[in-house]
Amino acid sequence: MGRGIAYTAALAGFEVTLQDISEQAIEKAREYIGSLLNTSVEKGYIPSEKRDLVHRNLTYTTQIKDAVEQTDLVIEAVLEVMELKIEIFKQINEFAPPEAILATNTSTMSPTEIGATTKRSDQFVAMHFFNPVHRMKLIEIIRGIDTSDATVEVIKSVAEKMGKETVEVNEFPGFVTSRMNCIIGNEAMNMLMEGVASAEDIDKAIKLGLNHPMGPLEMADLVGLDSRLRNMEYLYYSLGEKYRPSPLLVKYVKSGRLGRKSGQGFFKYN
Numbered sequence: 001m002g003r004g005i006a007y008t009a010a011l012a013g014f015e016v017t018l019q020d021i022s023e024q025a026i027e028k029a030r031e032y033i034g035s036l037l038n039t040s041v042e043k044g045y046i047p048s049e050k051r052d053l054v055h056r057n058l059t060y061t062t063q064i065k066d067a068v069e070q071t072d073l074v075i076e077a078v079l080e081v082m083e084l085k086i087e088i089f090k091q092i093n094e095f096a097p098p099e100a101i102l103a104t105n106t107s108t109m110s111p112t113e114i115g116a117t118t119k120r121s122d123q124f125v126a127m128h129f130f131n132p133v134h135r136m137k138l139i140e141i142i143r144g145i146d147t148s149d150a151t152v153e154v155i156k157s158v159a160e161k162m163g164k165e166t167v168e169v170n171e172f173p174g175f176v177t178s179r180m181n182c183i184i185g186n187e188a189m190n191m192l193m194e195g196v197a198s199a200e201d202i203d204k205a206i207k208l209g210l211n212h213p214m215g216p217l218e219m220a221d222l223v224g225l226d227s228r229l230r231n232m233e234y235l236y237y238s239l240g241e242k243y244r245p246s247p248l249l250v251k252y253v254k255s256g257r258l259g260r261k262s263g264q265g266f267f268k269y270n
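Going by the working numbering, the first residue of the sequence shown is number 1, and it counts up by one from there.
A couple of the hints might just be wrong.
[What the hints assert, rightly or not] No farther apart than 20 Å at their CA atoms in a straight line, the calculated lysine to aspartate or glutamate pairs in the DMTMM-like style are these: (1) Lys-119 / Glu-160; (2) Lys-161 / Glu-31; (3) Lys-119 / Asp-149; (4) Lys-207 / Glu-187; (5) Lys-119 / Glu-168; (6) Lys-137 / Glu-168; (7) Lys-119 / Glu-99; (8) Lys-164 / Glu-15; (9) Lys-251 / Asp-226; (10) Lys-137 / Glu-153; (11) Lys-242 / Glu-168; (12) Lys-50 / Glu-31.
[As the list claims (entries may be wrong)] Distance ranges between label pairs, derived from CB positions: (13) Gln-91 / Asp-201: 29 to 37 Å; (14) Met-193 / Asn-38: 23 to 31 Å; (15) Glu-49 / Val-196: 27 to 35 Å; (16) Glu-200 / Val-169: 40 to 48 Å; (17) Gly-209 / Lys-268: 31 to 39 Å; (18) Ala-116 / Lys-65: 20 to 28 Å; (19) Glu-23 / Leu-210: 32 to 40 Å; (20) Tyr-45 / Phe-267: 22 to 30 Å; (21) Glu-113 / Val-196: 31 to 39 Å; (22) Gly-44 / Glu-113: 38 to 46 Å; (23) Ser-262 / Pro-213: 39 to 47 Å; (24) Thr-61 / Asn-38: 20 to 28 Å.
It is worth saying that the hints were derived from the structure and are not from the lab.
This structure is a prediction, so every number in the text was calculated from the model and none was measured.
Note that beta-carbon positions come from the ideal geometry of N, C-alpha and C, so glycine has one too.
Just need the whole structure built from these sequences, with the hints factored in.
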């Protein structure tokens, strides 16, 4: 999601450095953002001047030090793996200015636990963005145990400048949206496994009957089934039996059916 966050922030007028681990990943991000800008201009969503603004506001690097050493706010958007997030924030904490605020884009994990490994837990917070970032209007702001009011107010102002609404959440595994989203999606997977209905009809029923904009299986494919499985495993560990991952989800991940990014999940994609 990092490239979506970078695009949205640059479009809002922020100067943004996008960091990833390889030149190949950087090039993919550059191509994605360029394509998104061109499409947005062609369809009249943004004026052509905005495209130029985003290009001016965005720089790219493979080095964490170069990305964070002059920043006011760092937003991390790596896999939902606690050990990975902690390791990255140890590096960020070393290179970022002492006044910089650090934020993790996570859908389930503890900002208290991650922030405790830095020397600025009062300046640490979770910002939960939603896919696709440039379209989705919500950011969940999750306080860690030491997160200051001043930090939360800065994050609210950043979100507002990005054109987002916010909700403030006290830390608990899964926050608000992920707890609900994961349990609905997991039940849809179990119903598909049990033969209750087809994937198409399960999603159609939820969209038309409950007025959800996207079906739970399509949503899981968009998120990535491997990411959804990691979320479910974390919630199962933290909150108990009702979050046990569907056996069908486990099977699909083992088979390499990861959703949109692999070309097949509960649905097939070109």
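Evaluation of the provided hints:
no., hint, in the structure
1, Lys-119 / Glu-160, "violated (27 Å)"
2, Lys-161 / Glu-31, "violated (25 Å)"
3, Lys-119 / Asp-149, "holds (17 Å)"
4, Lys-207 / Glu-187, "holds (15 Å)"
5, Lys-119 / Glu-168, "violated (23 Å)"
6, Lys-137 / Glu-168, "holds (14 Å)"
7, Lys-119 / Glu-99, "holds (11 Å)"
8, Lys-164 / Glu-15, "holds (18 Å)"
9, Lys-251 / Asp-226, "holds (11 Å)"
10, Lys-137 / Glu-153, "holds (18 Å)"
11, Lys-242 / Glu-168, "violated (25 Å)"
12, Lys-50 / Glu-31, "holds (17 Å)"
13, Gln-91 / Asp-201: 29 to 37 Å, "violated (47 Å)"
14, Met-193 / Asn-38: 23 to 31 Å, "violated (41 Å)"
15, Glu-49 / Val-196: 27 to 35 Å, "violated (51 Å)"
16, Glu-200 / Val-169: 40 to 48 Å, "violated (33 Å)"
17, Gly-209 / Lys-268: 31 to 39 Å, "violated (24 Å)"
18, Ala-116 / Lys-65: 20 to 28 Å, "holds (23 Å)"
19, Glu-23 / Leu-210: 32 to 40 Å, "violated (44 Å)"
20, Tyr-45 / Phe-267: 22 to 30 Å, "holds (26 Å)"
21, Glu-113 / Val-196: 31 to 39 Å, "holds (38 Å)"
22, Gly-44 / Glu-113: 38 to 46 Å, "holds (44 Å)"
23, Ser-262 / Pro-213: 39 to 47 Å, "violated (23 Å)"
24, Thr-61 / Asn-38: 20 to 28 Å, "holds (23 Å)"
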